[in-house]
Amino acid sequence: MDSFLLGLSEIMHLYVLLALVGGALTGLIVGAIPGLGPGMAIAILLPVSFGMEPLVGLTLLLGVYAGSWYGGAIPAILINTPGTVANVMTTFDGYPMTQKGQSARALSIAYSSSFVAGILSVLALVFLSPKLAAVAKNFGSPEFALVVLFGLVLVVAANGRRKTEAALMVSIGAFIGCIGQERAYSTFRYTFDQTWLEGGVTIICCALGLFAVSQALELVADRRGPPTDKMEITGGLFRGLFEVLKYPVTLLRSTGLGTIMGILPGLGEFLAQFLSYTAAKKGSKTPEAFGKGSPEGLIATEASISAVPAAAMVPLLALGIPGEELTAMMLVTFMVHNVIPGPMLFELHPEFVWGLYISLFLMNVVCLVTLLFGTRWIAQLARIDNRMIGVCVLVLVMIGTFAVNYRITDPLIALAFGFLGLIIKRAGMAPMPIILGLVLGPLFEGRFRQVMGVSGGDPLVFFQRPLSLMLIVLIVGSIAALLWSERKAEKAAAAKS
Amino acid sequence: MTAAEPEAAPHDAPITAAEARTGRRLTGALALAAAVLLMSLPWQAAVPKGTDPLAQGWWSHPAVFPGVTLTLILIFASLLHLKLRHERGEGAGQSLAVQFEFGAYFIGFIFLMGLVGFGLSVLIFSTLGLWRSGFTFGRSALFGVILTAILVVLFRLVLTIWFPPSVLSSLMPAVIGNFLEIYF
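Protein chains in written order, with the numbering used here: chain A, 1238 to 1734; chain B, 64 to 247.
With the rest of the complex left out, here is chain A (with noise of 0.2 Å):
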């Protein structure tokens, strides 16, 4: 009860409501323009983050990464274009029910599930991040070198039958992340006796590239123009706003899918409304409805992708260890105000922590009465031209990148990212990885270091201690179910063929 109330008074400082409600508006904004997405903004926003104290910086952060899930079902569900990536399949079911003129129902029901499904997760990462920190206390270096290592595996495992292009893109980010000076003999490496390169590579320049450059480069060549169809919203949104506890199974098994993804590295939303659709289809009483405009696939899509953001705060908070791109991203703003995210964070700041707790459910709050009454204006923000937002978005990533360090070379290394990341995706790959190799690659190495150090250079420690031979079981664990997953799924589509 002390935490929560320092929680909340941590709170309300106006600067953390500031971050809370601008960062779930810009979430809202971004998710509603098609072409945009949550990492283009946090990657943009995080040089911003680093001048603000801890809490408001990622009060503002995570405003951004929930409020684009809910916001990127407004054209995905209007015009039958999604506003994030991760609202593809919510155009399964939205669209037809628009056509059906149900625009309003439908709307209603994204953001109903999306608040029933946020609210459950937060309170997820209120139970299980000070349990598993409990568990984390007992950790050494071998077991938080294996969680890393975890974390690794699972973001391979994570990608289908791109398993190899995401093993390149980790092996990438964790080269890169090599580049500068180590700290055991504080000698430099691969920087080719340029200054510019001894800090290394800073992850703001990566994800700005990767994420920003990358996407705006596509968006001024984008010559489509704007979206002409109508954005009609038939009926009042109130209406269907209950509609949700109707399918009380569908909801909460969406929810726990998308809660359960977002704690397990790598994973993620994709998985999430993946397996969440494939349940809820499974588990109906109408899946012949399904993507003709279902109610309950709209709820499997929105409730699986809405839990992520909060419960992917678990590991991160509890471990030090973030299980996917955002969260990654979101680490960098921990270090740079030098506050530790894993098991001691509990107990040195409880009120840091349970002030992100407070924050992220009213962050659901926001994003619900936002909506509920700017709908029909922020609708209207799909309209922007492409390339307006792409030359904006250059502008920003110039200033941001400049900005961290004031060298004029880290805009041109954002450029170079950028390029790389518009190649690999249009070789049909997904440059995301990078950035977990970045972040677990010199994390990994550091405890490794330690390991063997303390050793004496002796690999069976790793067998050694409970905990560490757990998590190996898990590793293995994991790659066998994942090979075992696979074989049956080739099975299965040679037997459909």
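Fair warning: there could be bad hints in the mix.
[Claimed, not checked] Keeping only pairs whose Cα atoms sit at most 30 Å apart, straight-line, the calculated BS3-like set for lysine-lysine is: (1) Lys1519/A x Lys1400/A; (2) Lys146/B x Lys1725/A; (3) Lys1400/A x Lys146/B; (4) Lys146/B x Lys1662/A.
No wet-lab data here; the hints were simulated from the structure.
Once you've looked at the hints, dock chain B against the given chain A.
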């Protein structure tokens, strides 16, 4: 129109011929770069001169981790390159000409900032960028002016972000030069 139902997660979607072609070039270039970087490992990740390379154990040698990651890049890039060799089909890839053109403008924008200052460089870049992307010059200029005004207020006046003094402001009379440096 009824939306298609999902048959595969987004990352399980089949690869197109254009993607395979770009993928082949990319993975080939990555494998080559990894090989070259691996060869330079003894120079680029060396211990300081006169230091025993194994003084702190092999695991602490600066070359271990970059060596492992570069080897992984080489292996995965080569595997993918071989896999993509069999992916054939029709379909032209998209050109990168527009992107390179804007990349050049972006580089120009960075260097222009040192010459004419933050505000003017934003104005020139945004106007030129929008004009080259197909808008009329009038609309582009109007957009440029509005964007510049917003960004100058936000970043120079509210967040007071420092930008290097420009050559242009140093050529101006002191009063105007100082004004430009502080506010523009």
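Worksheet item: Regarding the pair lysine 1519/A and lysine 1400/A, is the alpha-carbon distance no greater than 30 Å?
Response: 27 Å, holds
Worksheet item: Does the alpha-carbon distance linking lysine 146/B and lysine 1662/A stay inside the 30 Å limit?
Response: With a Cα-Cα distance of about 18 Å, the restraint between lysine 146/B and lysine 1662/A holds, given a limit of 30 Å.
Worksheet item: Are the Cα atoms of lysine 1400/A and lysine 146/B separated by 30 Å or less?
Response: Answer holds: lysine 1400/A to lysine 146/B is near 13 Å, not above 30 Å.
Worksheet entry | Hinted pair lysine 146/B and lysine 1725/A, Cα distance within 30 Å | 22 Å, holds
Against the hints set out earlier in the document, no violation occurs for any number.
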